[in-house]
Amino acid sequence: AKHSNLYIISDEIYELLNYGEIDHVIIASFPEVYNQTITVNGLSKGFAMTGWRVGYIGAPDWIAKACTKFQSNFTSGTNSVAQRACKAAVEADPASVQYMVNTFASRREKMVSWINEIPGFELDTPPGAFYIFPRVADLLGKKFNGKVLNTSLDLSIYLLEEGLVSTVPGDAFGLPGYIRFSYAAAEADLQEAVRRVKAAVAQLED
1 AKHSNLYIIS DEIYELLNYG EIDHVIIASF PEVYNQTITV NGLSKGFAMT GWRVGYIGAP
61 DWIAKACTKF QSNFTSGTNS VAQRACKAAV EADPASVQYM VNTFASRREK MVSWINEIPG
121 FELDTPPGAF YIFPRVADLL GKKFNGKVLN TSLDLSIYLL EEGLVSTVPG DAFGLPGYIR
181 FSYAAAEADL QEAVRRVKAA VAQLED
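For the record, in the sequence shown the residue sitting at position 38 is 38 according to my numbering, with numbers rising by one throughout.
In short, the hints are calculated from the structure, not lab data. The structure presented is a predicted model; accordingly, all values stated were derived computationally and were not measured. All residues carry an ideal CB built from backbone N, CA and C; glycine is no exception. Don't take every hint at face value.
Per label pair, the in silico range of CB-to-CB distance [stated by the list, open to error]: (1) 164 with 7: 16 to 26 Å; (2) 188 with 131: 16 to 26 Å; (3) 6 with 64: 17 to 27 Å; (4) 8 with 90: 19 to 29 Å; (5) 88 with 63: 46 to 56 Å; (6) 137 with 160: 17 to 27 Å.
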């Protein structure tokens, strides 16, 4: 990018949800591309404020001003209550965020262990966020009541209809043969969801 007129849009929304195995490096921290980087962030993930809908960008002045003009006519301004809440969040003791990260880390370890016990699922431990993205390609081609599950979308629909567990197919991310689970839920609910998935998978036939 530094040798062209390209700009980098860097989505840093999961910046704080890092479990420590890999150092998080913000692209704009590299001086050679600083003036070509548009950093997008918010408080939805790192501060568990998804309903407040508050985000921000860091960008060269002319880009930031153009975005402000567009945003002010598109969604107007952020309400004052949300602004005060976000101010309190970013000024709070970082230990509160770390507590949340530690809780997610514990759920992550359990979900990885539980999911890897299900035949046909293959999963590495993710270094951040609150999702797991297991490979399920070995289950594709299997049948339930005569219907063939050809894609990860088919499998996601099957798990929803038969197990009442919602997942997102990898096809939505350009990665067929995978499905995504979120573990942003109570541990008891996660354990029950995995039990249902395991039971649903056990009903599949070659």
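Hints, verified against the model:
no. : hint                     : in the structure
1   : 164 with 7: 16 to 26 Å   : violated (44 Å)
2   : 188 with 131: 16 to 26 Å : holds (19 Å)
3   : 6 with 64: 17 to 27 Å    : holds (18 Å)
4   : 8 with 90: 19 to 29 Å    : holds (24 Å)
5   : 88 with 63: 46 to 56 Å   : violated (29 Å)
6   : 137 with 160: 17 to 27 Å : holds (19 Å)
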